[in-house]
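Turn these sequences into a full structure, and let the hints guide you.
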Amino acid sequence: MSVLIVGAGVTGLLFAQGLKRNSIPFAIYEAEEAATTIRGQRDWGMSIQWALPLLQQILPEDLFKRLQTTSVDPHYVFPHDGNVMPVYNVETGELVKSMPLVKMLRVSRRKFRALCAEGIDVKYAHVLTNTKETGTDLVCASFDVMGSSCRDVEGALVVGADGAHSALRSLAFQDWPEQGLAMRMPYIGINTSVCYNDAATAILIRESLSPVFAIGIHPRGYWLWISVQEVPDPSKRETWMFQLQWTWAPDNTPLGTAKPSLPILKAEAAATFAESFRVAWLQIPDDAPILPTMSQSGSLSYYRKHRFMGKKC
0 MSVLIVGAGV
10 TGLLFAQGLK
20 RNSIPFAIYE
30 AEEAATTIRG
40 QRDWGMSIQW
50 ALPLLQQILP
60 EDLFKRLQTT
70 SVDPHYVFPH
80 DGNVMPVYNV
90 ETGELVKSMP
100 LVKMLRVSRR
110 KFRALCAEGI
120 DVKYAHVLTN
130 TKETGTDLVC
140 ASFDVMGSSC
150 RDVEGALVVG
160 ADGAHSALRS
170 LAFQDWPEQG
180 LAMRMPYIGI
190 NTSVCYNDAA
200 TAILIRESLS
210 PVFAIGIHPR
220 GYWLWISVQE
230 VPDPSKRETW
240 MFQLQWTWAP
250 DNTPLGTAKP
260 SLPILKAEAA
270 ATFAESFRVA
280 WLQIPDDAPI
290 LPTMSQSGSL
300 SYYRKHRFMG
310 KKC
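Okay, so the sequence shown: first residue is 0 according to numbering that gives the first Met the number 0, each after it adds one.
Incorrect hints may appear among the rest.
Said to hold, decoys possible - DSS-like mimics (lysine-lysine), calculated; alpha carbons at most 30 Å apart, straight line:
| id | residue 1 | residue 2 |
| --- | --- | --- |
| 1 | K64 | K102 |
| 2 | K235 | K265 |
| 3 | K19 | K102 |
| 4 | K265 | K96 |
Keep in mind that the hints were calculated from the coordinates and are not lab data.
Shown next as structure tokens:
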């Protein structure tokens, strides 16, 4: 019997690629309609460091050789040695520390996900609605397909790879719903991608990176991030996109728990940020989407009956 994978994000797809490489039968189901769907209408970057050699063991050779094409800047290749993550004091602009990094790659989640989906028969538009044991070492997963029909599938094991709001996790803990909830992290913030449409601004910001990313810390308790998100053409700097993050504790003022508007963020950056963080926020176009982020995480919980995972697991 097959392993049933719920969720065709990067994790689910890599799991599927590993099973395929080891000739283990599987089926993978995804609620979204395509691998290129940008969740919440935004893309973001993912750093692959110590896991890079492991991908060579999971992905087919032809896909692994194309990893560079999923980079946020396919035209820049990280060296084998000397990579660092610069950490700045956002208020003064001082370089606090350069954290050493191993050979790595910074990828676009959207492009990396599409690559990992190649050669995998993903059943898209399948929303998990129920799971139950059907016999010795078997489990049945029920899916709502395209919002119009129901599909039941039997397998030896069901694996949830469907994110912080996992449908499978909710079903597994339906008798103990509090244990199945994602934990709200003790901070809120902004995570967005920006194209400045201005070559000078893009150059100034990137010169502060390493050359792909940088972290900022602020005496007011802010944590900030700037990274390259997409470089369509290295010579057309006005087309470069950057990923910006800004997080703070809910009791922090003046930002607090409310969803801050772009003018409020720009005012705080103008008053308390040094370059390049100040420029990165002040030059955001006024019509750019500023999406709040409520970071969440799952917790390890014990449940008495392995009703959805198969009796031998």
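Exercise. Within a Cα-Cα threshold of 30 Å, do K265 and K96 meet the stated pairing?
Worked result: Holds - the C-alpha atoms of K96 and K265 are around 26 Å apart, at most 30 Å.
Problem set entry | Straight-line alpha-carbon gap K64 to K102, limit 30 Å | holds (15 Å)
Problem set entry | Restraint status (C-alpha distance of K235 to K265 at most 30 Å) | holds (26 Å)
For this session: Compare the distance between the alpha carbons of K19 and K102 with 30 Å, and conclude whether the hinted pair is satisfied.
Result: Satisfied, since the Cα-Cα distance of roughly 27 Å is no more than 30 Å.
Going down the numbered hints, you'll see the structure goes against none, and every one checks out.
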